[in-house]
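S.K.: One-letter residues, chain by chain:
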Amino acid sequence: MAAPHIQLDHVTYRYSPEAPPAVRDFTLHIARGEFVALLGHNGSGKSTVAKLINGLYQPSEGTVLLSGMDTADAQYTWDIRRRAGMVFQNPDNQIVGTRVEDDVAFGMENIGVPADEMPGRIAQALAAVNMTAFADRAPHLLSGGQKQRVAIAGILAMQPEALILDEATAMLDPSGRRDVLETVRHLNEEQGITVVWITHFMEEAVPAGRVVVMHGGELAMDGTPREVFSQVDRIRSYRLDVPPMTRLAADLAGRGIGINPNVLSIDDMLEEVVRLAHHC
Amino acid sequence: MPITVENLTHTYQQGSPFQATAIRDISLTIRDGEALALIGHTGSGKSTLAQHLNALLTPTSGRVLLDGRDINNREVSKRAVRFEVGLVFQYPEHQLFEETVARDIGFGPRNMGLSEAEVDARVRAAMDMVGLSYETMKDKSPFELSGGQMRRVALAGVLAMRPRILVLDEPTAGLDPRARDYLLGDIARLHSDGTTVVMISHSMDDVARLATRVAVLEQGRLVMEGAPNDVFMQVDRLGAMGLDVPAASRLVHGLRARGIDLPDCCLLDELADLLEKLLKGGTGHAS
Numbered sequence: 335m336a337a338p339h340i341q342l343d344h345v346t347y348r349y350s351p352e353a354p355p356a357v358r359d360f361t362l363h364i365a366r367g368e369f370v371a372l373l374g375h376n377g378s379g380k381s382t383v384a385k386l387i388n389g390l391y392q393p394s395e396g397t398v399l400l401s402g403m404d405t406a407d408a409q410y411t412w413d414i415r416r417r418a419g420m421v422f423q424n425p426d427n428q429i430v431g432t433r434v435e436d437d438v439a440f441g442m443e444n445i446g447v448p449a450d451e452m453p454g455r456i457a458q459a460l461a462a463v464n465m466t467a468f469a470d471r472a473p474h475l476l477s478g479g480q481k482q483r484v485a486i487a488g489i490l491a492m493q494p495e496a497l498i499l500d501e502a503t504a505m506l507d508p509s510g511r512r513d514v515l516e517t518v519r520h521l522n523e524e525q526g527i528t529v530v531w532i533t534h535f536m537e538e539a540v541p542a543g544r545v546v547v548m549h550g551g552e553l554a555m556d557g558t559p560r561e562v563f564s565q566v567d568r569i570r571s572y573r574l575d576v577p578p579m580t581r582l583a584a585d586l587a588g589r590g591i592g593i594n595p596n597v598l599s600i601d602d603m604l605e606e607v608v609r610l611a612h613h614c
Numbered sequence: 137m138p139i140t141v142e143n144l145t146h147t148y149q150q151g152s153p154f155q156a157t158a159i160r161d162i163s164l165t166i167r168d169g170e171a172l173a174l175i176g177h178t179g180s181g182k183s184t185l186a187q188h189l190n191a192l193l194t195p196t197s198g199r200v201l202l203d204g205r206d207i208n209n210r211e212v213s214k215r216a217v218r219f220e221v222g223l224v225f226q227y228p229e230h231q232l233f234e235e236t237v238a239r240d241i242g243f244g245p246r247n248m249g250l251s252e253a254e255v256d257a258r259v260r261a262a263m264d265m266v267g268l269s270y271e272t273m274k275d276k277s278p279f280e281l282s283g284g285q286m287r288r289v290a291l292a293g294v295l296a297m298r299p300r301i302l303v304l305d306e307p308t309a310g311l312d313p314r315a316r317d318y319l320l321g322d323i324a325r326l327h328s329d330g331t332t333v334v335m336i337s338h339s340m341d342d343v344a345r346l347a348t349r350v351a352v353l354e355q356g357r358l359v360m361e362g363a364p365n366d367v368f369m370q371v372d373r374l375g376a377m378g379l380d381v382p383a384a385s386r387l388v389h390g391l392r393a394r395g396i397d398l399p400d401c402c403l404l405d406e407l408a409d410l411l412e413k414l415l416k417g418g419t420g421h422a423s
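These protein sequence lines map, in sequence, to chains G and P.
To convert a position in the first sequence, counted from 1, into the working numbering, add 334.
To convert a position in the second sequence, counted from 1, into the working numbering, add 136.
Treat the hints with care, since some could be wrong.
Claimed, not checked - Taking lysine-lysine pairs in the DSBU-like style, the calculated list, with each CA pair at most 35 Å apart, reads:
{"id": "1", "chain 1": "G", "residue 1": "385", "chain 2": "P", "residue 2": "276"}
{"id": "2", "chain 1": "P", "residue 1": "214", "chain 2": "G", "residue 2": "385"}
{"id": "3", "chain 1": "P", "residue 1": "214", "chain 2": "P", "residue 2": "276"}
{"id": "4", "chain 1": "P", "residue 1": "274", "chain 2": "P", "residue 2": "214"}
None of these hints come from the bench; they were simulated from the model.
Can you build the whole structure from these sequences, using the hints too?
M.R.: Structure, rendered in structure tokens:
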């Protein structure tokens, strides 16, 4: 069996020695190429886990390995950050260049990519996020979704193995959110990049292969979207919600209608209602 | 005390090479006691329009009337307008700055020149309105609170000025589902207590829950306006503008395309009733 790509074992993290742990005895193994949605209310420890994965934080207790490299070992720090790229919530805080191309090149310059390799990598990265046409535009004139895609391109140019997106769609409008999620799904499927997708939008977890829920710094649930979201009361006890169609199905089931409670998407629900309507 | 927007146009950096017209010839009346949602794609002019409602921006042309008086007229005190029309910006918690929650919320009323006793009374009332306990929270630093609590402190700071019209720009952005629910509950309560609400949101489910009327902006123009049920059932038209509709409207739309006719609907709870009737009705017996 292949070793996990991302491996957190019994990780506890405290922001200061006196503070209660933000993450507590947290164990999570993620295989290469997985798409994991990480959910939890504000303050549940999701963002701390994200920063533990790429070594921005080192665990107070326990170990974090990326491709077998210990994040607490200083000799791996830069290698780990290159391999596990992070995208944050606010696109405006991540843009540094005056042209899109320069912005994409910034990360590569930091890790010492030879100058003659850069143009090819920039072109590839921009193509992967569908932003080729914007290469010489000024980043501050782009929409939020476009800025996030440029931020992702900057990471792709460093040829990462994993992408960690910490509420990367929180400040975007619906079409921007859709574009960014589609871009990341595509990178996961086509290039096999491991994805950790942190979000407050439950419907964004539906396409993930796996959903992990955190509560009070601990791992609370771990399973497929159907396994996790079918437990409506439990999810709500963690101050989260289920996708709207799952909520509707639970409501109808509670009224004695023989609906499949595993409904996640609008398409699932359409099929169920059509099936039930033909029976009556 | 309605707000009337008449032929409002706003051009940023007029006369410079960066000149950009954000809203064009918008006319709209905000009626007393309604909850109006402004929706539209990023860059459609929603925030620009909202910032005219309390004279934060001055029209390039057109007028904004509060109670029949032009708020940009020199005779009208903009300060007074801003106490009447409270504007809560996007991510308002970024503007918290005082040492304690009570001082932060009291900043506006203190600026209005009210006595300390009145400021304190208003801070208590405003905290009550957003479900924050005065006794346990008043002396805390705003910066040690959760994201949802910080957002409510920021909202309380505007409410403490007792505005009659509350304008909220993306009030639930970035909040987790529970915090979002609480905040929407707070806004619904303020609205049912008589506050006029204007809300900008990308979350169509939030809009469906709160709004009594929806106005749609596209490229700076007002292109649709009506009751939530009427606006949101135009799924294809909104889709062409890059806008979503609430999950309930999308489902009704999809079912109609498959030959199952249901009434217009944009709320999941209402849709559950409609589906129950549909699915139980035909059989003549329950389940």
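S.K.: Each hint needs a verdict: does it hold in this structure or not?
M.R.: Hint check results:
no.	hint	result
1	G:385 <-> P:276	holds, 28 Å
2	P:214 <-> G:385	violated, 46 Å
3	P:214 <-> P:276	holds, 32 Å
4	P:274 <-> P:214	holds, 30 Å
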